[in-house]
Amino acid sequence: MDYELIVIGGGPAGLAAAYAAWEKGLRRILILERDRELGGILNQCIHNGFGLHRFKEELTGPEYAGRYIEMLKATGVEAKTDTMVLQITQDKCVSFLNPIDGYRTVRAGAVILAMGCRERTRGAISIPGARCSGIFTAGTAQRFLNIEGYLVGKRVVILGSGDIGLIMARRMTLEGAKVLACVELMPYSGGLNRNIVQCLRDYDIPLYLSHTVTDIVGKQRLERVTISAVDADRRPIPGTEQSFDCDTLLLSVGLVPENELSRQMDVEMDRRTNGPVVYENMETGVEGVFACGNVVHVHDLVDFVSEESSRAGEAAARYILEGETAKEPLLTVENGSAVSYTVPQRIRPAGVDRNVKLFFRVNRVFGKAVILVRSGETQIACFKREHMAPGEMESVILPKTMLPQGGVLTVSAEEVEA
Amino acid sequence: MKELICIVCPRGCHLRVDEEEDYRVTGNSCPRGAEYGKNELLHPVRVLTSTVRLEGSAFRRCPVKTRQPIAKELMLRAAKTLDAVTVTAPVRCGDVVLSDLLGTGVDVVATKDFPKTER
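Residue numbers (the numbering used here), protein chains in the order written: chain R, 1 to 418; chain Y, 1 to 119.
FYI, nobody ran anything at the bench for these hints, they're computed from the structure. The reader is advised that the hints may include incorrect statements.
With a cut-off of at most 25 Å between alpha-carbon atoms, the simulated SDA-like pairs for lysine to any residue come out as follows [said to hold, decoys possible]:
#, chain 1, residue 1, chain 2, residue 2
1, Y, Lys80, R, Glu148
2, Y, Lys72, R, Leu151
3, R, Lys56, R, Phe304
4, Y, Lys2, R, Tyr208
5, R, Lys327, R, Lys368
6, R, Lys154, Y, Arg46
7, R, Lys56, Y, Arg46
8, R, Lys368, Y, Arg24
9, R, Lys56, Y, Val45
10, R, Lys56, Y, Asp95
11, R, Lys154, R, Gly218
12, R, Lys368, R, Gly218
13, R, Lys154, Y, Arg53
14, R, Lys400, R, Glu287
15, Y, Lys72, Y, Pro115
16, R, Lys56, Y, Pro10
17, R, Lys384, R, Ala350
18, R, Lys178, Y, Leu76
19, R, Lys73, Y, Lys2
20, Y, Lys72, R, Glu58
21, Y, Lys38, R, Phe304
22, R, Lys368, Y, His14
23, R, Lys154, Y, Thr86
24, R, Lys73, Y, Val109
For clarity, every value in this text was computed on a predicted model and none was experimentally measured.
Work out the full structure, taking the sequences as your base and the hints as a guide.
See below:
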């Protein structure tokens with residue numbers, strides 16, 4: 001065995017996982033990172049608002065990554081950047097490629113998958129119209145602007161109201177571009193409320209809910225975008241078209257966990273999250289292979305990525321130092337009404353320390369509501385919420401004593417009469 | 001009575017601020033929300049984040065932020081001011097890249113380390 005633990009990806013998830021594993025006693029840890037530096041997406045998220053939970057202060061993305069990079073410098077964790085992992089096998093042989101080592105295969109005792117996610121593109125949502133230049137995913141435009149120093153356009157329409165799109169609306173405005181509209185297919189925003197306020201309203205950028213792009217015109221470069229209102233079934237309504245003369249269309253239409261390596265090694269996947277099915281300690285269906293962060297499910301806040309990834313790192317250390325978790329009894333977690341997924345999907349009470357944190361998203365907007373956890377037909381917990389939306393990840397904490405010894409747990413959300 | 005969404009943290013509390021009653025804030029979950037609600041009606045402020053030109057590094061841009069929030073109406077002018085700023089590696093997170101931005105008394109600081117390297 002060359003390493004006790006190999007972490008695939010040096011973004012916020014990989015950094016937190018490696019650090020936690022070191023703290024729990026592992027000494028031969030390797031991080032493999034595709035980019036030229038550690039920190040992942042945080043490096044291009046130069047805005048602030050990170051770290052309020054984790055560090056109790058408001059940091060920018062690079063500052064948040066910098067904290068973890070500093071913490072890791074004080075450990076013996078090894079990191080290889082500019083390194084592309086090509087394959088991971090079920091017996092934990094990791095093959096990678098970089099300019100220094102060339103092609104190498106190393107064997108690990110445990111593996112943590114922390115590859116993050118990538119953006120959905122124009123092809124994924126099939127927008128009609130010309131195939132001209134000037135159409136970017138919001139994150140690509142963000143990288144061009146914040147890392148390379150190029151403003152990708154001057155008159156901008158944004159499709160989708162995900163957080164990256166909202167952040168880019170403000171960022172491009174501050175750099176002198178005119179953002180004409182932010183267009184959202186759903187009747188509610190996909191981003192955090194605070195970003196609607198501080199990125200759109202602060203700069204008088206109109207948000208068109210229940211609208212979508214129905215035509216794109218441009219010979220070489222984008223010249224005009226047409227949007228239309230959509231009906232309850234999200235079909236464009238003829239006669240509602242309006243056009244914007246613009247040179248740039250940014251897409252902020254969702255993120256997809258990047259699981260090519262996971263699929264290649266036959267890790268069991270969850271069709272709801274597009275990520276691996278995980279147990280309470282972030283272990284996947286392959287023993288000794290763990291997963292954390294956006295590769296498991298797309299988070300809104302990096303603080304929760306760090307927390308989840310610390311648990312994965314600790315669990316990997318426990319696996320190496322103490323052996324595997326008892327497989328029985330086993331609880332399965334399922335969607336109840338208005339819930340679109342849960343993480344973890346499975347709970348082994350033997351692996352739970354004191355409590356288990358269940359993350360999930362609701363599939364519509366709620367006012368006053370309750371989250372109900374049932375074991376079979378029996379309600380075992382009820383949590384109150386003032387407001388819930390699909391754009392904001394929810395979580396509940398279940399104490400170990402409350403967990404039944406097997407069967408199915410159902411998480412559902414229900415409106416409360418005012 | 002004015003209704004606001006708090007932007008202090010991702011929780012996004014729905015605030016109500018009463019101008020008649022010394023800007024009393026309700027609906028907040030923490031003291032920072034009360035402060036935000038009052039400030040937002042009297043003199044709204046924001047932290048500005050941007051980048052400045054970077055020399056002496058493999059990277060071209062150094063991310064920066066205002067150390068304290070500045071008046072909201074200064075944001076566009078402040079961002080423009082940063083266009084003329086260049087820093088040279090090595091840069092340490094927290095280094096002042098521009099002091100007293102637009103006479104506000106607020107410094108602009110680097111938010112990332114850059115060792116000196118070849119491009």
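Evaluated hints:
Our distance criterion of 25 Å between C-alpha atoms is met by Lys80 (chain Y) and Glu148 (chain R), whose separation comes to about 18 Å. Distance check on the hinted pair: Lys72 (chain Y) and Leu151 (chain R) sit about 23 Å apart at the alpha-carbon level, within 25 Å; holds. Simply put, Lys56 (chain R) and Phe304 (chain R) have alpha-carbon atoms about 13 Å apart, close enough for the 25 Å limit, and the pair holds. For the hint linking Lys2 (chain Y) to Tyr208 (chain R), the alpha-carbon distance of about 23 Å falls within 25 Å, and the restraint holds.
Restraint check: the Cα-Cα separation between Lys327 (chain R) and Lys368 (chain R) comes to about 38 Å, which exceeds 25 Å; the hinted pair is violated. Our distance criterion of 25 Å between C-alpha atoms is met by Lys154 (chain R) and Arg46 (chain Y), whose separation comes to about 24 Å. Distance restraint check for Lys56 (chain R) and Arg46 (chain Y): the Cα-Cα separation of roughly 19 Å lies within the 25 Å cut-off, and the hinted pair is therefore satisfied. A hinted pair counts as satisfied when its Cα atoms are at most 25 Å apart, and Lys368 (chain R) with Arg24 (chain Y) qualifies at roughly 24 Å.
For the hint pairing Lys56 (chain R) with Val45 (chain Y), the CA-to-CA distance comes to about 20 Å; that is within 25 Å, so the pair holds. A distance of roughly 22 Å separates the Cα atoms of Lys56 (chain R) and Asp95 (chain Y); the hinted pair therefore holds under the 25 Å criterion. Between Lys154 (chain R) and Gly218 (chain R), the direct Cα distance comes to roughly 15 Å. Compliance with the 25 Å bound is thereby established for this hinted pair. Between Lys368 (chain R) and Gly218 (chain R), the direct Cα distance comes to roughly 46 Å. Violation of the 25 Å bound is thereby established for this hinted pair.
The straight-line distance between the Cα atoms of Lys154 (chain R) and Arg53 (chain Y) is roughly 20 Å, inside the 25 Å bound, and the hint therefore holds. For the hint linking Lys400 (chain R) to Glu287 (chain R), the alpha-carbon distance of about 23 Å falls within 25 Å, and the restraint holds. Among the hinted pairs, Lys72 (chain Y) with Pro115 (chain Y) is inconsistent with the structure: their alpha-carbon atoms are about 33 Å apart, more than 25 Å. Restraint check for Lys56 (chain R) and Pro10 (chain Y): the C-alpha separation of about 13 Å stays at or below 25 Å, so the hint holds.
Restraint check for Lys384 (chain R) and Ala350 (chain R): not satisfied, since their Cα atoms lie roughly 28 Å apart, outside the 25 Å limit. Simply put, Lys178 (chain R) and Leu76 (chain Y) have alpha-carbon atoms about 12 Å apart, close enough for the 25 Å limit, and the pair holds. Restraint check for Lys73 (chain R) and Lys2 (chain Y): not satisfied, since their Cα atoms lie roughly 48 Å apart, outside the 25 Å limit. The suggested pairing of Lys72 (chain Y) with Glu58 (chain R) holds, with an alpha-carbon distance near 18 Å, which does not exceed 25 Å.
Only pairs whose Cα atoms come within 25 Å are accepted, and Lys38 (chain Y) paired with Phe304 (chain R) is rejected, the gap being roughly 29 Å. This hinted pair checks out: Lys368 (chain R) and His14 (chain Y) have alpha carbons roughly 13 Å apart, not beyond 25 Å. Distance check on the hinted pair: Lys154 (chain R) and Thr86 (chain Y) sit about 23 Å apart at the alpha-carbon level, within 25 Å; holds. Annotation: proposed proximity of Lys73 (chain R) to Val109 (chain Y) holds, straight-line Cα distance about 23 Å (limit 25 Å).
In summary, the numbered hints that this structure violates are 5, 12, 15, 17, 19 and 21.
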